[in-house]
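Chemist: Order-wise, the sequence lines are chains R and F. 1 is the number of the first residue of the first sequence in the UniProt record's numbering; add one for each residue after it. 1 is the number of the first residue of the second sequence in the UniProt record's numbering; add one for each residue after it.
It cannot be assumed that every hint is accurate.
You can't tell identical chains apart in this list, so a pair holds if it fits in one copy or across any two.
As the list claims (entries may be wrong) - List of simulated lysine-lysine pairs, BS3-like, C-alpha gap at most 27 Å: (1) Lys71 - Lys93; (2) Lys93 - Lys228; (3) Lys214 - Lys93; (4) Lys16 - Lys94; (5) Lys2 - Lys93.
Everything labelled a hint here was simulated from the structure, so no lab data went into it. Remember, predicted model here, so these are calculated numbers, not experimental data.
Number of protein chains: 2
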Amino acid sequence: MKVIVQKFGGTSVKDKETRELAAAHVERAVEEGYKVVAVVSAMGRQGDPYATDTLLGLLNQNGSQISTREKDMLVSVGETISSVIFTELLQSKKLKASAMTGAQAGFRTDGQYGSARIVDMQTEALVHRLEEVDVVVVAGFQGVSGDGELTTLGRGGSDTSATAIGAALQAEYVDIFTDVEGIMTADPRVVGEAEILPSATYQEICNMAYQGAKVIHPRAVEIAMQGKVPIRIRSTASEAAGTLISSVIGGAAGSDRIERQVTGIAHISGVTQVTVEHTEGVVQQAAIFRELADNDISVDFITIQPQRLVFTVPDERSPEVKILLDTKQLEGTFIHNCAKISAVGAGMTGVPGVVSKIVGALAEKDISILQSADSHTTIWTLVHGEDMNKAVLALHQMFELGRQVKQ
Amino acid sequence: MKVIVQKFGGTSVKDKETRELAAAHVERAVEEGYKVVAVVSAMGRQGDPYATDTLLGLLNQNGSQISTREKDMLVSVGETISSVIFTELLQSKKLKASAMTGAQAGFRTDGQYGSARIVDMQTEALVHRLEEVDVVVVAGFQGVSGDGELTTLGRGGSDTSATAIGAALQAEYVDIFTDVEGIMTADPRVVGEAEILPSATYQEICNMAYQGAKVIHPRAVEIAMQGKVPIRIRSTASEAAGTLISSVIGGAAGSDRIERQVTGIAHISGVTQVTVEHTEGVVQQAAIFRELADNDISVDFITIQPQRLVFTVPDERSPEVKILLDTKQLEGTFIHNCAKISAVGAGMTGVPGVVSKIVGALAEKDISILQSADSHTTIWTLVHGEDMNKAVLALHQMFELGRQVKQ
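Here chain R stands alone, though its shape is the one from the complex (with noise of 0.2 Å):
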């Protein structure tokens, strides 16, 4: 059974013309001779009445906190309708569809309402459902835990929903269909020259995605990394090739593989840089980590050394790590409104001197560097909120961006 994987987002199915766009791709893929699995997630966004935000609007008029379990079994009947609806707009075209649930389709997650991760894919029934018809609109999100409960997973969980149907099924493709047409070497708010990208790595995706890229959730490309089912990041309202993610650039195995060091620029605002002098060695600093993990205060950009200790946070939390830093009778200094700008590559692995490169780039352009981090395929650099536009260009530029993609 040659399988392919689409998956439309809220923009997608959002009213009847961007159905019919969706459509349109559904068709053409069981013309092409494939058995469809469509994951679909809740129609449009917020004044959408059966919108992920619109149902969590219906709750706390009671100025109440529901419980998580709760929660979930409501949001969850988003996707259950959009799925239907698509379901019927595809057997309007004659086409043979069914409509199933996450449970129904086989996700079985852990028991953690809200972000539940997925443990098992029981496939069975979905299996048995496409050799009886040609397309199965899956509801994306949706899981169900060992006990019966239903959970979501999460924010960008229709992602995760189609890499890991893909996977289970060893799909040709996972489509992801969006309103933008692949991804691109930067913002391109930001950098009026960024192109789309042919192809990349999961990796370099994946990076990308955790640095503030927002086309496809970083779990969802993991799990298809894991299972080595290739991504197409596609729009819904063109036939574009988009941008394919695998384990090689250009796709299939070194056929057109580019020598470039990086791929594309991502960029994080909104960060403050905490900088602690004079702390007590570790062990005062672990329970610094300690209570911000408490506190659930994400922290990137750890720089530790003896008595002195410098983090990130998001610019809204940085008066809680205030509160908590006075507790301890401890000094922050803190540059607030700073910005994440990272160059990720999988082509830098190994390669000297590109992090001299970014420095020189930035220089150039008189930009602070107020902090740095790198892994073998990201450069991440820490530059005050103003620079931000500027240092994304000059990192776009001296790496040739605009050009190395074209073809």
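Once you have looked at the hints, place chain F on chain R.
Modeler: For chain F alone, coordinates are given in the frame of chain R:
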């Protein structure tokens, strides 16, 4: 465990105000030491975004017919939403409350989508949950088939959900909350002096429900009767006792049994009487009924005589009946716009003279009887539509229903 089931229909959970009234009933029952299973319908009616009819309205936008399987997936979300919203309200009142879907609560049905029948109640999970919390809010109307498919119990399904749970848990009462204060001796729009029945038997209410009284679904009453669980029809907006439905008049056996022959008068309008003369005996007559059934035309009031057949159908189906008879070269006499008046009463069993009283009462008002039939607890008469209200009133007065139920 002392359990009470409380069912709240769509109008009882449609907005914050009505939900507050409903929640007050739950709260009172908990204070009285009950574990409560609250069964809820979808919120509101056509026009409200999460009502069953509105959800159905999302379909057929493509002029197509969705599969019944997918239709059930869609409409059942209305009750899921309702169950979570109501649970949140209860939690905000510091009640220990939890929501369950029909599948989780144990409704195992056959695979007849849209009007599934309950084949088994697997209430282990529900009982377990009731041990942990004070109130479980169950999404009414929903079931799950042996193959794990979502089903719905058809119109009035939440009544059935409530009595099925009541029977399975041997609840003390199943309270059906609605917008009236109980079941009345006749439609108060027709009979000004109609009274609320303080009590009635399952059989009586079942007959009245099948004969046009709309307060509770007859299938729900049958399930309660089999399970020997008393039902109370009560108003969400008051603390009135409502109508107690059990196996004996007056509730607790013999306690305040009233010697009444007739309990209530029900009516259905919009009925066509069809008379077919010169049929060729029972073989042809059987063929006619088979074809009516094949075309899903519900037939009532059947009188079979040699070479003569009389029956009623809903007015809107009579053109089809005409065509059907034409194809058999049979002539039918059609009297449209008739009304069926039912006098229901467990107390008429074995009491002579009830039919004669009815005929006398109608004759006195110069009302022609087009047809009549009787069972041991119901006497039906068919009259012209324009005589309907007069006939209901005449029977109501004849059996002194406005007086006899006063206490």
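Chemist: As a check of your reading, is Lys93 near Lys228 (CA-CA no more than 27 Å) within one copy, between copies, both or neither?
Modeler: neither (33 Å within a copy, 50 Å between copies)
Chemist: Evaluate Lys214 and Lys93 at a C-alpha cut-off of 27 Å and name the case that applies: within, between, both or neither.
Modeler: neither (33 Å within a copy, 40 Å between copies)
Chemist: As a check of your reading, is Lys71 near Lys93 (CA-CA no more than 27 Å) within one copy, between copies, both or neither?
Modeler: between (35 Å within a copy, 17 Å between copies)
Chemist: Evaluate Lys16 and Lys94 at a C-alpha cut-off of 27 Å and name the case that applies: within, between, both or neither.
Modeler: within (17 Å within a copy, 43 Å between copies)
Chemist: Given a CA cutoff of 27 Å, do Lys2 and Lys93 count as a within-copy pair, a between-copy pair, both, or neither?
Modeler: within (21 Å within a copy, 54 Å between copies)
Hints 2, 3 from the earlier list are contradicted by this structure; the remaining hints agree with it.
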